[in-house]
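**Q** Read off the chains here:
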Amino acid sequence: MIYLDHHAATPVSPEVRAAMDAARDRAWANASSAHRFGREARALLEDARAAVAEAIGAEPASVVFTSTGTEACHVGLAGFRGLRRVVMSPLEHPAVAENCAALGLPVHRFEMTGGRPPPAEALGLREGDLLAVTWVNHETGTILPVEDYCRAAREAGASSFVDGIQALGKVPVNVRALGADAVAFAAQKVGGPTGAAALFVRRGAPHDSPLLGGPQERGRRPGTPDVERFVGFGAAAKAIPGRLAAMPRVAALRDRLEAGLLALGAEVNGREGPRAATVTDVSFRGRRGPVLVAALDLAGVACSHGSACSSGLDEPSKVLLGLYPDDPERARSALRLSLGPETTGDDVDRALAAIAKVIGAAKP
Amino acid sequence: MTRPIGKVLVAMSGGVDSSVAAALLREQGHDVVGVTLHLWDAEGENKVGRCCAPEDREDARRTCDHLGIPHYVLDERAAFRREVVEPFLDEYRRGRTPTPCVHCNRTVKLEMLARLADELGCSHVATGHYAKIVHGPEGTRLFRGRDLDKDQSYFLFGLSPETRSRLLFPLGDLLKSETRAEGERLGVPNAKKPDSQELCFVPDGDVAAFTRRERGGEAGGLVVDEEGRVLGKHDEIAAFTIGKRKGLALGGGSAPRYVLRIVPDSNTVVVGGAEKLVSKTLEARDGHFLRALPPEGLEASVRIRYRHEPAPAHVRPTATGFVAEFVEPQRAITPGQAAVIYVGDEVIGGGFIA
Numbered sequence: 001m002i003y004l005d006h007h008a009a010t011p012v013s014p015e016v017r018a019a020m021d022a023a024r025d026r027a028w029a030n031a032s033s034a035h036r037f038g039r040e041a042r043a044l045l046e047d048a049r050a051a052v053a054e055a056i057g058a059e060p061a062s063v064v065f066t067s068t069g070t071e072a073c074h075v076g077l078a079g080f081r082g083l084r085r086v087v088m089s090p091l092e093h094p095a096v097a098e099n100c101a102a103l104g105l106p107v108h109r110f111e112m113t114g115g116r117p118p119p120a121e122a123l124g125l126r127e128g129d130l131l132a133v134t135w136v137n138h139e140t141g142t143i144l145p146v147e148d149y150c151r152a153a154r155e156a157g158a159s160s161f162v163d164g165i166q167a168l169g170k171v172p173v174n175v176r177a178l179g180a181d182a183v184a185f186a187a188q189k190v191g192g193p194t195g196a197a198a199l200f201v202r203r204g205a206p207h208d209s210p211l212l213g214g215p216q217e218r219g220r221r222p223g224t225p226d227v228e229r230f231v232g233f234g235a236a237a238k239a240i241p242g243r244l245a246a247m248p249r250v251a252a253l254r255d256r257l258e259a260g261l262l263a264l265g266a267e268v269n270g271r272e273g274p275r276a277a278t279v280t281d282v283s284f285r286g287r288r289g290p291v292l293v294a295a296l297d298l299a300g301v302a303c304s305h306g307s308a309c310s311s312g313l314d315e316p317s318k319v320l321l322g323l324y325p326d327d328p329e330r331a332r333s334a335l336r337l338s339l340g341p342e343t344t345g346d347d348v349d350r351a352l353a354a355i356a357k358v359i360g361a362a363k364p
Numbered sequence: 365m366t367r368p369i370g371k372v373l374v375a376m377s378g379g380v381d382s383s384v385a386a387a388l389l390r391e392q393g394h395d396v397v398g399v400t401l402h403l404w405d406a407e408g409e410n411k412v413g414r415c416c417a418p419e420d421r422e423d424a425r426r427t428c429d430h431l432g433i434p435h436y437v438l439d440e441r442a443a444f445r446r447e448v449v450e451p452f453l454d455e456y457r458r459g460r461t462p463t464p465c466v467h468c469n470r471t472v473k474l475e476m477l478a479r480l481a482d483e484l485g486c487s488h489v490a491t492g493h494y495a496k497i498v499h500g501p502e503g504t505r506l507f508r509g510r511d512l513d514k515d516q517s518y519f520l521f522g523l524s525p526e527t528r529s530r531l532l533f534p535l536g537d538l539l540k541s542e543t544r545a546e547g548e549r550l551g552v553p554n555a556k557k558p559d560s561q562e563l564c565f566v567p568d569g570d571v572a573a574f575t576r577r578e579r580g581g582e583a584g585g586l587v588v589d590e591e592g593r594v595l596g597k598h599d600e601i602a603a604f605t606i607g608k609r610k611g612l613a614l615g616g617g618s619a620p621r622y623v624l625r626i627v628p629d630s631n632t633v634v635v636g637g638a639e640k641l642v643s644k645t646l647e648a649r650d651g652h653f654l655r656a657l658p659p660e661g662l663e664a665s666v667r668i669r670y671r672h673e674p675a676p677a678h679v680r681p682t683a684t685g686f687v688a689e690f691v692e693p694q695r696a697i698t699p700g701q702a703a704v705i706y707v708g709d710e711v712i713g714g715g716f717i718a
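Chains as they are written, first to last, in my numbering: chain S, 1 to 364; chain Z, 365 to 718.
No wet-lab data here; the hints were simulated from the structure. Honestly, I wouldn't trust all of these hints.
Claimed, not checked - Far from chain S, by Cβ distances over 10 Å, these chain Z residues were calculated: (1) 550; (2) 563; (3) 599; (4) 619; (5) 672.
Claimed, not checked - Per the computed footprint, the stretches of chain Z lying under chain S, defined by three or more beta-carbons under 8 Å from a beta-carbon of chain S, are: (6) 431–442; (7) 476–488.
Ideal placement from N, C-alpha and C gives every residue a C-beta, glycine not left out.
All chains, please: the whole structure from these sequences, using the hints.
**A** Following this line, the structure appears as structure tokens:
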């Protein structure tokens with residue numbers, strides 16, 4: 001099988017696997033317990049937190065560990081005080097869109113004209129707004145100008161939440177430079193395990209966690225942590241500079257894959273603006289994305305239609321409708337192929353051969 | 365031409381029948397791919413244990429996990445609504461009683477699955493239908509399943525020859541009780557799951573409520589006898605079907621009355637005695653034939669609804685379908701229902717009662 005679904009999850013890297021294995025006989029304990037077993041587990045957790053904090057340019061005390069990126073989005077979005085309105089991009093993942101909708105506030109979705117994001121001034125941010133935007137898009141890799149947007153939010157007295165889940169490991173991340181009030185991250189996008197994620201909350205931000213229970217994570221995310229998984233996140237965090245360094249090579253492979261898809265008659269989505277190196281989202285008009293995904297799975301290529309969180313549903317991709325509102329066919333016929341540092345030229349060539357066969361077989 | 369069996373796409377509803385069909389094909393050594401079509405969203409408390417509930421998709425997935433075969437869920441809700449549900453509602457509001465399973469099989473379920481089979485590189489499509497398919501040099505013949513009580517050949521007459529030529533029905537020779545036993549033997553996870561009995565998209569069999577919910581509007585009218593005397597009022601034409609006796613809410617005793625006719629333009633329901641319900645003649649339109657009828661007709665049996673033993677009749681072709689003259693009068697020949705022609709156990713063709 002050729003794996004081209006890194007945006008859904010990345011394979012666990014050998015260093016991460018080794019770190020988790022090494023921690024296993026201590027990480028099982030409850031990190032809140034006062035005795036030695038608890039303290040050892042706690043130490044592992046705090047080492048991991050320090051590594052993640054360093055990778056994102058934050059203080060450890062500002063990093064809250066959660067189980068999933070979606071949970072980080074929930075805690076991030078549901079905790080702000082004094083909100084009157086939400087300002088969101090049209091490209092948000094359900095983890096952001098659904099949690100924003102649940103706030104019960106008016107939601108303003110700004111527009112992407114010609115597939116490009118508006119300048120910060122055009123967002124019309126004001127005091128009481130919550131800006132919620134995704135840094136690097138999970139489907140198309142579209143990069144929004146989040147530093148500009150967060151600066152505009154601060155200047156207007158608005159709060160800001162950035163979904164950094166696909167950004168970490170693909171573009172340089174420094175939450176201080178970014179200037180957002182809260183930023184979400186997830187280990188499974190950077191060679192770490194699933195089940196480990198994090199929320200950065202700026203000290204002094206008008207934010208209280210919505211979760212209740214014990215005092216873990218400074219009361220922001222109560223519950224007994226799965227220390228072994230966070231050890232994995234910490235190890236993955238240490239390897240982020242290496243992932244960033246690999247991006248030019250990944251971009252070249254992505255470009256090669258994309259050229260091959262264009263030659264088969266595909267149209268690329270999201271190329272109008274800046275884009276991460278790791279993904280090509282294309283549309284084969286007249287075909288249905290989910291059917292192509294199934295056919296490719298049978299042919300040995302793993303990829304996706306929209307996000308994994310929306311698979312099985314044939315509602316056209318909201319991201320693609322956000323980029324191309326007058327072209328729902330693009331959204332219905334989209335295929336997302338995403339690469340990682342492990343992807344080779346041979347993978348790309350073999351994938352293209354399989355895709356050519358699937359596209360050529362049986363026009364519906 | 366019998367085509368060799370390569371990969372087989374098995375349509376899996378999550379029920380026992382399709383799960384056992386997949387398990388049997390796997391046991392026979394075939395390369396099987398499970399596909400569940402998401403056709404409809406069950407509402408409210410009907411979300412559990414009914415066809416088209418999310419749980420059914422999960423059951424199909426678990427069976428495929430157990431068999432070690434790929435499983436895909438493909439969303440065909442738009443097509444199902446367009447090809448099956450909307451025409452169903454149209455028919456009821458026109459005073460007819462449709463057979464949606466026939467339309468589903470010849471549009472969404474089997475025709476669409478045949479196209480999906482092409483896209484997924486599968487040579488054949490298999491289902492858990494109780495029917496028999498025999499592939500031969502002169503085409504594909506369709507027969508009743510061995511379980512005459514469950515026999516679903518009635519719903520399959522409308523398929524195109526192309527689609528028929530690539531169908532497999534692994535349960536054609538099994539009784540329902542044997543299917544469950546096979547399910548247990550093969551370790552199919554949901555072998556004990558009860559069957560869904562109702563139409564898959566009408567939660568509780570209450571067509572009137574469903575029609576009101578989906579179409580709204582006022583479809584009420586009068587209940588009259590054959591002389592036109594007004595006997596009462598009703599508020600939803602879709603609640604009525606030919607032969608229905610219950611729920612007429614008419615005053616004053618004497619003989620029981622049955623729905624004889626439904627007049628759509630005025631939403632009038634005409635009722636009368638049981639003796640008026642029987643007829644020896646049936647006209648069917650929109651005919652579809654697996655074997656051409658000779659112009660002079662032939663002696664056959666005709667089934668006028670699913671729960672009906674095919675009755676002997678002389679059948680001859682017309683411009684749009686056929687006419688059947690029954691040996692014995694038949695009760696409640698209902699416009700809109702499928703009428704299917706059998707010679708022995710073989711399905712010769714069918715149409716829709718005019």
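**Q** All hints, please: hold or fail.
**A** So, going through the hints one by one against the coordinates:
no. : hint    : in the structure
1   : 550     : holds, 23 Å
2   : 563     : holds, 23 Å
3   : 599     : holds, 35 Å
4   : 619     : holds, 53 Å
5   : 672     : holds, 37 Å
6   : 431–442 : holds (count 8)
7   : 476–488 : holds (count 6)
Of the numbered hints stated above, none is contradicted by the structure.
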